[in-house]
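**Q** What follows is each chain in one-letter form.
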Amino acid sequence: MLRCYKEGEKQAKEALEVYERLGDTVGQAECLGALAISLHKSGQLDAAEEVASRAINLLPKKGNQFLLSRCHRSLAAMHWSKGDIEKAILHSETALGIASFWGWYNHLHRDHYFLATLFCTQGRFDDANAHVELANSHTVNNPFELALSMYLQAGIWLQQFKFEQAKSKALHAVEIFEKLGAVQDLETCRQLLGIIDLMQEEIAGLSLVVINSWKSATPSAC
Amino acid sequence: MLPSSAPGESPPPPPRICFGRDELIEKIVDFAERLTPVALIGAGGIGKTSIALSVLHDNRIIRRFGDERRFIRCDQFPASCTHFLRRLSEVVGAGIENPGDLTPLRPFLSSREMLIVLDNAESILGLQGTSAQEVYDVMEELSHFSNVCLCITSRISAVPPDCETLDIPTLSMEAACDTFYRIYKHGKHSDPINNVLAQLDFHPLSITLLATVAQHNKWNTDRLTREWERQRTRMLRTRYSKSLAATIELSLASPTFQELGPDARALLGVVAFFPQGVDENNLDWLFPTIPDIANIFDTFCVLSLTSRSDGFVTMLAPLRDYFCPRDPTASPFLCVIKDHYSRRLSVEIYPDKPGYQEARWIILEDTNIEHLLNTFTLTDTESDDIWDACACFVEHLYWHEPRHISLGSKIEGLSDSHPSKPQCLYQLSRLFQSLGNHAEAQRLLSHTLEIWRERGDDH
Chain A
1 MLRCYKEGEK
11 QAKEALEVYE
21 RLGDTVGQAE
31 CLGALAISLH
41 KSGQLDAAEE
51 VASRAINLLP
61 KKGNQFLLSR
71 CHRSLAAMHW
81 SKGDIEKAIL
91 HSETALGIAS
101 FWGWYNHLHR
111 DHYFLATLFC
121 TQGRFDDANA
131 HVELANSHTV
141 NNPFELALSM
151 YLQAGIWLQQ
161 FKFEQAKSKA
171 LHAVEIFEKL
181 GAVQDLETCR
191 QLLGIIDLMQ
201 EEIAGLSLVV
211 INSWKSATPS
221 AC
Chain B
1001 MLPSSAPGES
1011 PPPPPRICFG
1021 RDELIEKIVD
1031 FAERLTPVAL
1041 IGAGGIGKTS
1051 IALSVLHDNR
1061 IIRRFGDERR
1071 FIRCDQFPAS
1081 CTHFLRRLSE
1091 VVGAGIENPG
1101 DLTPLRPFLS
1111 SREMLIVLDN
1121 AESILGLQGT
1131 SAQEVYDVME
1141 ELSHFSNVCL
1151 CITSRISAVP
1161 PDCETLDIPT
1171 LSMEAACDTF
1181 YRIYKHGKHS
1191 DPINNVLAQL
1201 DFHPLSITLL
1211 ATVAQHNKWN
1221 TDRLTREWER
1231 QRTRMLRTRY
1241 SKSLAATIEL
1251 SLASPTFQEL
1261 GPDARALLGV
1271 VAFFPQGVDE
1281 NNLDWLFPTI
1291 PDIANIFDTF
1301 CVLSLTSRSD
1311 GFVTMLAPLR
1321 DYFCPRDPTA
1331 SPFLCVIKDH
1341 YSRRLSVEIY
1351 PDKPGYQEAR
1361 WIILEDTNIE
1371 HLLNTFTLTD
1381 TESDDIWDAC
1391 ACFVEHLYWH
1401 EPRHISLGSK
1411 IEGLSDSHPS
1421 KPQCLYQLSR
1431 LFQSLGNHAE
1441 AQRLLSHTLE
1451 IWRERGDDH
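Residue numbers (the working numbering), protein chains in the order written: chain A, 1 to 222; chain B, 1001 to 1459.
Keep in mind that the hints were calculated from the coordinates and are not lab data.
Note that the structure is predicted; figures quoted are calculated from it, not measured.
Incorrect hints may appear among the rest.
What the hints assert, rightly or not - Residues of chain A placed beyond 10 Å of chain B at every Cβ, according to the derived structure:
hint, residue
1, Gly23
2, Leu45
3, Ile85
4, Glu133
5, Ser137
6, Glu175
7, Leu193
What the hints assert, rightly or not - Think about it this way: if two alpha-carbon atoms lie no more than 30 Å apart in a straight line, the pair counts; the simulated DSS-like pairs of lysine-lysine are:
hint, chain 1, residue 1, chain 2, residue 2
8, A, Lys179, B, Lys1410
9, A, Lys41, A, Lys87
10, A, Lys13, A, Lys41
11, B, Lys1353, A, Lys62
12, A, Lys179, A, Lys41
13, B, Lys1410, B, Lys1421
14, A, Lys179, B, Lys1421
15, B, Lys1353, A, Lys13
16, A, Lys10, B, Lys1421
17, B, Lys1218, B, Lys1242
18, B, Lys1353, B, Lys1421
19, A, Lys41, A, Lys61
20, B, Lys1421, A, Lys6
21, A, Lys10, A, Lys41
22, A, Lys179, A, Lys167
23, B, Lys1188, B, Lys1242
24, A, Lys13, B, Lys1421
25, A, Lys87, A, Lys13
26, A, Lys82, A, Lys13
27, A, Lys61, B, Lys1353
28, A, Lys10, A, Lys87
29, A, Lys13, A, Lys61
30, B, Lys1218, B, Lys1185
31, A, Lys82, A, Lys6
Backbone N, C-alpha and C fix where the C-beta goes; we use that ideal spot for every residue, glycine too.
In isolation and in its complexed conformation, chain B is listed as follows:
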């Protein structure tokens, strides 16, 4: 690349390849050509910086802005408005050494068309108190310059209102494979690898790290999938200090997150635990002891740690894996939630009874409940409560969403002397009946009757 003739700093080179982002890049280039400020929002490692750099090196952008393409990494100077302004002045080549505010920079900024990328802007947008307001005001004013196109990349969605906000999605399957196999050369395209990539939700950083680790260790496909099963996201770290954990911890270290209090991380653990995430309508009910719980969950979304999907607060798979408690049954929040759901399941369901229609909630949360029960039945084998809840869960499914369940073998494996066994078997039998598997229904029902008769409980 030719040295820049204009004062200021040239942007770093573009990523060698940025798979599956062509449409998005095109869209941002269109915004830039119209000098419309734009914010790329998304979780750490989703590829915001790669996209922004690709935009900066797009031919249309080079033609339009020439040397006035600027790139500022906001996590590489102390987080304050003063340092931000100083860095801004250096990068754009304004020649003002320590601007106290934007005033001395205005004449320069107004004098030419330029594209300024503020990368990792969450580092300064996530400040607290007056400093936060100052930074926000500067960014807002920058977004107002009619000759400046501001492009912000940030995990925090609280950006100036004039910015067109683009939520950066994960990769497509095809782009994820391209990204993976560009780095990994020790194996051919295979379904097990595709499966691992899908389990990573096609999260770009996770895929890059996985491919790098596998390539460095010269793992073949079998070894790679074995290591994935064994280590999961813990394996996503290279020898050169790049890791998924570091990326995630960066978000947790932000003042905005810290301000949420000591329970915030455990709450993320709850979101991570549930395969469907947490139903937003249930927040007050699930976390009665946490004041302003809705605000905490909003902040998780603002920080791109979680996202919303069909009324559920959910999380990208690599983040889920990272936050999910290693022993969920030791999580006080999950224990309380288990009790809440057990109570909710304990209502009598029969079409004539008032709770029948209300019990349809199970259709929305069935996967979560099954996972919760599966987890707690692993450790709580002797407890009556959890198995009673299982029986009720199966009954809920019988009435509202007949389907196969993974709890069946566990129920059958329960000792015949367990107080809840016959009820669980009975409900399971009905479930099989409703699925047209009459032989299985009959077998389970016979077993149920046998137990009830043995107990003299056959009325």
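Same shape as in the complex, but just chain A:
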């Protein structure tokens, strides 16, 4: 992302006004959805939640399921930022349910990716691994999402101290990000690689200290 949230907010409001003049409620919901993301990213969490909920209310009961799922995805992210994990999971699962029902495989990736990230931060590694695998299964024909899944998997394994596996995944992700010109993700992934190396060294150093102290504590054979 370019992180131009203020500009995003301004443009979303501008577009919203145009759609209001035209009386296009779906267009308005689209803009509110985009506005909610900008507000969320700039830290205006309550405003973001209010705007996303407004978008959902604007949508007709039937149709527009795609937009609806996007709004739920945004709400999930907002609740997570606010620390309400249960609500975050609930909204994410709602978005996932819609995407599953309609067979939107590329959006299924996003929802599983979100849940995997969330569970990872909660230390629920089994759940995180399960979702990252599901996310990965929906990356056919989408190299960027494949690389994202690899990056996340590397992050999960890092937290589980599986350094070699984590490194191999992260390197693979770097290769894909490089090819795609996904500069920001490439940078993030390289940082992750740096952390993996650092932790590996730390653990190795720590092990050496433990071994040496054990050796000095062990009585000599002779």
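Given chain A, put chain B in place with the hints provided.
**A** Same frame as chain A, now just chain B:
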């Protein structure tokens, strides 16, 4: 070689070297030892004759059949059943001068074990009418003799049903290099040469011709690759009338091909044009004016001019190069196909809309469509239709198969006043966004907005 003691004719000598065919030869020798009739099927120049001759001179075959190893080139006598029978009698040494049918030859053919190779059998299998039936019947009966092993080499796959059919593949990379460097001595192994060999799909005749031409002209590697870029398959002809064109034209001259009508060659041009070939499920839709189009495409396969791969009718690279229209935009078939695909691309895609899942067809045909659009945008720069189709194509990729495309620079190079430019840029921006290249996405989107605003079209 010692002169043959048995009447009849000895086979020609084996090829000096036949790289990368050991397993296949072994398999055919096994069939021959069990007296199982076998047919080697494949495109012209794929190496069927070399394999058959290698089999004839294999030690196990020599031990088993001795002098009764016979080789008949079916393209060296007038194509008729009468001439075929006469030649058969001469080669096997039956001593019957003009057999009217197989009857007078039966006692001789039944009297000993023999291996008979019918080389280039497409010359007689490709006949039309009653003559074709007669030839086919003779071949079928020959395949029934329990003491005769019949080995047919043919471009036409319509061989007697008792034959074990082996489709002869192209060479491996290693065998292709061995074949090339056995002839070409003016350069060392190099990646550019490997690349040219790969572009020839490792087709044996093409490789042999390329090596021969380069060797005769004493070209070094650089010159060779330059000439390849300049001339492509047109350079595959030696001073002694051997050429890829002659081999291909032989297939086109066959009665079976001729019977397909005047459009057949142009249809091959369409197959050749598309890098992935033509999706078999789309034949009726792509060629609505051609009756019985499926039969025509089947015949192309029967004649080994095309092959099937994952639902696509495709062609070996040297044949593609030969058949591909020099100016594809002048091909009436391709113009119609371009219009068909433009219409197909024009559906609205959004996950909530009915056409969303159907639009996944792009995953199968993306390379073809990109090539088609690339070609037509070269000449049709002012047309709105082709550029609208480009925008739709990029949108299809955005939703179903995000990837980099070669059309990007062309879209950017389009004049800002072109009606389709902002839509093309907008879709391209989304595509970059979906690939994580946000800076590029932003740059393109800003350009799009600028154009829309200039046009007062910013709602």
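**Q** Hint by hint, note whether the structure agrees.
**A** A quick look at each hint next to the structure:
Distance check on A:Gly23: its Cβ is at least 13 Å (rounded) from any Cβ of chain B, clearing the 10 Å threshold; non-interface status holds. The Cβ of A:Leu45 lies farther than 10 Å from every Cβ of chain B, with a closest approach of about 23 Å, so its non-interface assignment holds. The non-interface label for A:Ile85 is consistent with chain B: the shortest C-beta to C-beta separation is roughly 27 Å, beyond 10 Å. A:Glu133, annotated as away from the interface, keeps every beta carbon of chain B farther than 10 Å; the closest lies near 21 Å.
Taking the minimum C-beta to C-beta distance to chain B, about 16 Å, the non-interface status of A:Ser137 holds against the 10 Å cut. Remark: the non-interface label on A:Glu175 is consistent with the geometry, its nearest Cβ contact in chain B lying 13 Å away (cut-off 10 Å). With a cut of 10 Å on Cβ distances, A:Leu193 stays outside the contact zone with chain B, its closest approach being about 17 Å. For a cut-off of 30 Å, the pair hint linking A:Lys179 to B:Lys1410 stands: about 21 Å separates their Cα positions.
For a cut-off of 30 Å, the pair hint linking A:Lys41 to A:Lys87 stands: about 18 Å separates their Cα positions. Using a Cα cut-off of 30 Å, the hinted pair A:Lys13 and A:Lys41 holds, with the two alpha carbons roughly 15 Å apart. For the hint pairing B:Lys1353 with A:Lys62, the CA-to-CA distance comes to about 12 Å; that is within 30 Å, so the pair holds. Simply put, A:Lys179 and A:Lys41 have alpha-carbon atoms about 28 Å apart, close enough for the 30 Å limit, and the pair holds.
A distance of roughly 10 Å separates the Cα atoms of B:Lys1410 and B:Lys1421; the hinted pair therefore holds under the 30 Å criterion. Distance check on the hinted pair: A:Lys179 and B:Lys1421 sit about 26 Å apart at the alpha-carbon level, within 30 Å; holds. Taking the CA atoms of B:Lys1353 and A:Lys13, the gap is near 26 Å; set against the 30 Å cutoff, the hint holds. Under the criterion of a C-alpha separation no larger than 30 Å, the hint pairing A:Lys10 with B:Lys1421 is consistent with the structure, at around 25 Å.
At roughly 18 Å between alpha-carbon atoms, B:Lys1218 and B:Lys1242 fall within 30 Å of each other, so this suggested pair holds. Taken as a hint, the B:Lys1353 and B:Lys1421 pair is honoured in the structure, with Cα atoms around 25 Å apart against an allowance of 30 Å. Annotation: proposed proximity of A:Lys41 to A:Lys61 holds, straight-line Cα distance about 28 Å (limit 30 Å). For a cut-off of 30 Å, the pair hint linking B:Lys1421 to A:Lys6 stands: about 28 Å separates their Cα positions.
Between A:Lys10 and A:Lys41 the alpha-carbon distance is near 14 Å, which keeps this suggested pair within the 30 Å criterion. Using a Cα cut-off of 30 Å, the hinted pair A:Lys179 and A:Lys167 holds, with the two alpha carbons roughly 18 Å apart. A hinted pair counts as satisfied when its Cα atoms are at most 30 Å apart, and B:Lys1188 with B:Lys1242 qualifies at roughly 25 Å. For the hint pairing A:Lys13 with B:Lys1421, the CA-to-CA distance comes to about 26 Å; that is within 30 Å, so the pair holds.
For the hint linking A:Lys87 to A:Lys13, the alpha-carbon distance of about 27 Å falls within 30 Å, and the restraint holds. A distance of roughly 24 Å separates the Cα atoms of A:Lys82 and A:Lys13; the hinted pair therefore holds under the 30 Å criterion. Of the supplied pair hints, the one linking A:Lys61 and B:Lys1353 holds, its CA atoms being roughly 16 Å apart against a limit of 30 Å. Restraint check for A:Lys10 and A:Lys87: satisfied, since their Cα atoms lie roughly 28 Å apart, inside the 30 Å limit.
Between the alpha carbons of A:Lys13 and A:Lys61 the distance comes to roughly 24 Å, so the proposed pair stays at or under 30 Å and holds. Restraint check: the Cα-Cα separation between B:Lys1218 and B:Lys1185 comes to about 9 Å, which is no more than 30 Å; the hinted pair holds. Using a Cα cut-off of 30 Å, the hinted pair A:Lys82 and A:Lys6 holds, with the two alpha carbons roughly 20 Å apart.
The structure is consistent with each of the numbered hints, conforming to all of them.
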